[in-house]
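Throw the hints in and build the complete structure from the sequences for me.
Next come the chains, spelled out residue by residue.
There are 2 protein chains.
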Amino acid sequence: MVKKDITESEIIESIADMWRPLNEEQRKFLAQHFTIQRYKKNETIYCEGETPTHLLCLINGKVKVYKDGVGGRSQIIRVIKPVEYFGYRAYFAGGNFVTAAAAFEPSTICMIPMDAVYKLVQENNELALFFIKQLSIDLGISDERTVNLTQKHIRGRLAESLLFLKDSYGLEEDGFTLSIYLSREDLANLSNMTTSNAIRTLSNFATEKLIAIDGRKIKLIDEEKLKKISKIG
Amino acid sequence: MVKKDITESEIIESIADMWRPLNEEQRKFLAQHFTIQRYKKNETIYCEGETPTHLLCLINGKVKVYKDGVGGRSQIIRVIKPVEYFGYRAYFAGGNFVTAAAAFEPSTICMIPMDAVYKLVQENNELALFFIKQLSIDLGISDERTVNLTQKHIRGRLAESLLFLKDSYGLEEDGFTLSIYLSREDLANLSNMTTSNAIRTLSNFATEKLIAIDGRKIKLIDEEKLKKISKIG
DNA sequence: ATAAAACCGTGTTATAGAGCACAAAAATAC
DNA sequence: GTATTTTTGTGCTCTATAACACGGTTTTAT
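Chains as they are written, first to last, in the numbering used here: chain V, 1 to 233; chain H, 1 to 233.
Hints are computed from structural coordinates only; laboratory data are not their basis.
A virtual CB, placed ideally from N, CA and C, is assigned to each residue, including glycine.
Warning: the hint list may mix true and false statements.
[To be verified] Just a few of them, taken from the derived set where beta-carbon distance is under 7 angstroms, the chain H residues facing chain V:
(1) GLN37
(2) LYS67
(3) ARG89
(4) LEU139
(5) GLU144
(6) VAL147
(7) LEU149
[Stated by the list, open to error] List time: in silico DSSO-like cross-link candidates among lysine-lysine, alpha-carbon distance up to 27 angstroms:
(8) V:LYS133 with H:LYS81
(9) H:LYS133 with V:LYS133
(10) H:LYS133 with V:LYS119
(11) H:LYS119 with H:LYS28
(12) V:LYS166 with V:LYS227
(13) H:LYS119 with V:LYS133
Written as structure tokens, this is what we have:
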């Protein structure tokens, strides 16, 4: 069911697909420069304050980008799915990471030195536009998120997170179960609330038959209602 | 004291300065395509949901980018000072505005059709990198802001806003007074709190001699203490 | 297999900050 | 110059949600 191992050629294929803008020479250049790194569940990929050196591409697995705030509370900023790029923003901004990243699940990451990427961006406009588009999308999401997290109430925020997880990682074959199994704490950190409130609100949702919970497995039953709750806040 | 009128040539100069990457031909192209628009105090520049058509460059004045959330509450996302570009994110992301923009003060804005900009970005890599850098910086700020607004307490958020305004618009000649005069409501919308709490917290700061208030004039007296309050939340 | 640690669930309490209501002052309109 | 609207300031109440405590359960380590 789950692919146990990814061959080198499959990786190159994924990347080649993403790097469609590149010409033959540039692809070769890239193929010579990337390395593969595997991360265990919960393993940290990079930390806040570190200097970015590589463009990261999630080949396989699930990753969270988060930020530790005041009083040990952590906020999940975004989540990464295969095959998405991350870890490059800080480099382009000319600073260090303001976020940290860790693996939700065992993950395989392709790493490309940022200088190599920068060189390619300089000579390939389509690639530059790829980054412009991606950054623009992420910035829009971030702006939306700021308002949602600050203004919506707990139920709205949790409903939003559940829908967000569905959009990000999809559902299992049954068409209902979220295909990511998060701890209550991660769910809380995604929704800007305490763990207890995540637990409570989640069971409320279950009582109201909006979802069904079985440990970390969450089935979305009444998605329309969840959308409504998310919308009105 | 305040420049009453800006000549056409001054505008072209400002823009030429920002568009350093461009060659002679490209500058000419640009000079043929821009238009100037003036906005009154509090006038809306663009609205959420509208389709972006122009790159906007604030020549003169002060602008807020904000988002209306649930229950009529508004959140100021970022502020623009001369000579900064804005209004282009949504175009690059391929969607409509998710924010709105309005003038804090009478403002002069240079508008360049996005198709013209896109064309230039396609043929000029340095320009593309300019946008990549700007978007990367803004995304970093937005991520920081998300956590600050959600996790810090009122005093921390307000202190942060005051420092943020100083960084954005600077101080007057006395070296203390913020050179932007905001309503308490705007201050509240910047800091994610109600107007009453902005008023209250502001007078607390004044009582504690961290600031001095005279109507909308705010003098930063003990900046170090403000920084500390902002940091610890 | 057993111990230790991490996670889940629930009840209880405490409080930061929202949500009024209302008066005074200032800005704007007429 | 007077009227009207907007902004500022203050006091009071109420509630959403954090904070804490504790017992049961599951996972992980040895």
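Cross-check of the supplied hints:
no. : hint                   : result
1   : GLN37                  : violated (23 angstroms)
2   : LYS67                  : holds (5 angstroms)
3   : ARG89                  : holds (5 angstroms)
4   : LEU139                 : holds (5 angstroms)
5   : GLU144                 : holds (6 angstroms)
6   : VAL147                 : holds (5 angstroms)
7   : LEU149                 : holds (5 angstroms)
8   : V:LYS133 with H:LYS81  : holds (24 angstroms)
9   : H:LYS133 with V:LYS133 : holds (12 angstroms)
10  : H:LYS133 with V:LYS119 : holds (15 angstroms)
11  : H:LYS119 with H:LYS28  : holds (14 angstroms)
12  : V:LYS166 with V:LYS227 : holds (12 angstroms)
13  : H:LYS119 with V:LYS133 : holds (15 angstroms)
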